[in-house]
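Q: These protein sequence lines are chains C and H, in that order. Per numbering that gives the first Met the number 0, residue 0 is the first one in the first sequence, and the count goes up by one each step. Per numbering that gives the first Met the number 0, residue 0 is the first one in the second sequence, and the count goes up by one each step.
I should point out that these hints are in silico values taken from the structure, not numbers from a laboratory. Check the hints yourself; a few may be wrong.
If chains are identical, the list can't say which one is meant, so a pair holds when it fits in one copy or spans any two.
What the hints assert, rightly or not - Computed list of lysine-lysine pairs in DSS-like fashion (alpha-carbon distance at most 27 Å, straight line):
1) 339 to 212
2) 289 to 23
3) 336 to 199
4) 102 to 326
5) 237 to 183
6) 304 to 75
7) 279 to 326
8) 339 to 102
9) 6 to 333
10) 261 to 6
11) 304 to 83
12) 224 to 188
13) 75 to 339
14) 224 to 279
Because the structure is a prediction, the values reported are computed rather than measured.
If you want the building blocks of each chain, they are given just below.
2 protein chains.
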Amino acid sequence: MEFIINKNLLLENLNNVSKAISSKNLIPVLAGINFSLDSKGLSLTACDNEIMINAFINKKEIKDIISEGNIIISGKYIVEYIRKLTAEDIHFTVLDGTKVLIKTNHSELTINGMDSSDFPKWEIEKTVNNFELKVNEYKEIISQTLFAAGVSETRPIFTGVNFSAEKGLLSCVATDSYRLAKYKINLEKDIDMNIVIPSKSLSEFNKLLNDNKQKTIGVQVYVSKIVLNYENIIFQSKLLSGTYPNTSQLIPDNYELIFEIKTNEFYQIIDRVSLLNMDKEKNTVNLVIKNDIATLTSTSPELGKAVEQIEITKNNNIDFEISFSSKFMLEALKTIKSEKTIIKLNDRLKPIIIESTDNNHALQLIVPIITY
Amino acid sequence: MEFIINKNLLLENLNNVSKAISSKNLIPVLAGINFSLDSKGLSLTACDNEIMINAFINKKEIKDIISEGNIIISGKYIVEYIRKLTAEDIHFTVLDGTKVLIKTNHSELTINGMDSSDFPKWEIEKTVNNFELKVNEYKEIISQTLFAAGVSETRPIFTGVNFSAEKGLLSCVATDSYRLAKYKINLEKDIDMNIVIPSKSLSEFNKLLNDNKQKTIGVQVYVSKIVLNYENIIFQSKLLSGTYPNTSQLIPDNYELIFEIKTNEFYQIIDRVSLLNMDKEKNTVNLVIKNDIATLTSTSPELGKAVEQIEITKNNNIDFEISFSSKFMLEALKTIKSEKTIIKLNDRLKPIIIESTDNNHALQLIVPIITY
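Please construct the entire structure, taking both the sequences and the accompanying hints into account.
A: Written out as structure tokens, the structure is:
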């Protein structure tokens, strides 16, 4: 393998695939990036146990291809080294099958490679489903749901986001069992699907997306994995196995009280009121609604007490009291882009529903904290 | 104690003194900020075992003083809470001597305080020396020397910077015994002094300085401490006890070879060449000078080899070979602001001297690595 390539082009693609390199991996080839050059172009691939990222550089974009071939190079060193080079072009040569010489006008790096035949292969499965998402739709799913997924290894299914589709409606749900985030998107195709994608994979793929919001992401669903196609990148992730609980019955149809509150002000108040409990796992805030005033209180026996008031608009004149985690409420409020937020309540033991005034595709749910 | 004060004014001063709060401290009052209000104004003080920071707000700047008094408030919570407030004015009231009520239009925080009589007192000592530095001079001392100080607790004297003065020349030296950084400043006064200031104190004080480079810092030296006066801030630090080694004889008068090299290019080359050894403690780079070419090489038995070349201008036609730590060389080169750097060598066992072409007040020294 020998070729000459523009430094910035190579760096951009190496940066993209390097997100799949796991530094903790004990299998040496998984710490590397597989370079494979054939008559079509240069294919760069990296993978860990969960995801695989491939970037393809068309031969037209490569300055000179002297000979085809392939080799694995340590990802950590190659990306850093290419980044630090100031030359415009880089000359790659595989020497005696195991070493790579990376040359510019004034510099030479000889780095040991690994045999490409040891690199994991793409396993071919039959496609179950496929559909398309716009970049902005994907980003919206991530920002509206991902934070609510669980981190606990005891219930691995909750560490993913549930993508289910029925009659052309895609519903994305994340929950850690204490709160839930849901976001819906209309698909152009009528597909039937119910999969759970690991949060980490969704978040890694999100980093590969640039700001061109109208670009399309091709999604192919297989029995045990998902493949996302975007520009010259192919991103593959395992799916989580197991059954995701049916969360739709958690969301009531009727509410005892619905009120509207200014989003930013409500956020700031909770942020301040909860300060004395910021180091505690349960940062409980108490909300008392009397007439058109919401009073928020947080008490720490050792430190003191914080109280704030804010005006609200109610749908009836019921007074109410409920307690919740300030952390969960703040994270839910961050997803609301409208000036006002709708809060829906049933009784003090039932979930709190948080919605935007201008987006009925998104919903946040928080389980209250029971205080006596 | 009861007063009304502008939020931003209080926050700025709390931010400054809070740098002396140590979160690790076991003495409760040291986690607090002492508020002391008298007929002159509000004095805010925080301290740990090494430093004490005091900020004074003149009564003219306080909106209303209703009653004088003092109390200690937990630093961590008070600074965060004041920062999060959006109100313009804040009303402070000490309730029954131990609680503080912090009130704005819509918010109320009641926080437990501590008795000010438990707060450490400023111990008065006789002044030994005093002089003045400009802010830009102080910042230059920090950027030219601080990084070279040791971190090891086994030789505590090396964790400080040695400030010695003789005949109006202040000489600041930091060393970890493998490299040394020196910076000299002409003082307006002829004083005699030899003290060692803890690096951490110097760095904390540096954070309090704003960009007004011509402002003056008043320095008062005592037997076991130093006091720095800047704007409305009084900063006090312990001095390190013990004798700082005399480092002046380490710097030779004559050199076998002196050469000039482009600073940025030299920096980038060492940064790239040393990449394969970036994780190792001794990241050795070998420098071979032949005619007007310097060849830099770094070898890692497991990974490979990097080689680069760069032109230099020598003062004679001696060829040379020496090895050094890339980390130390990079850190030394960062202090050089001139386009070219002067490197002075004696033999491959003797220290390497690194100097700017336009600032003879600064000097960097690196002990070579002996390779066979």
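Q: Which constraints among the numbered hints does this structure fail? Numbers only, ascending.
A: 2, 13, 14
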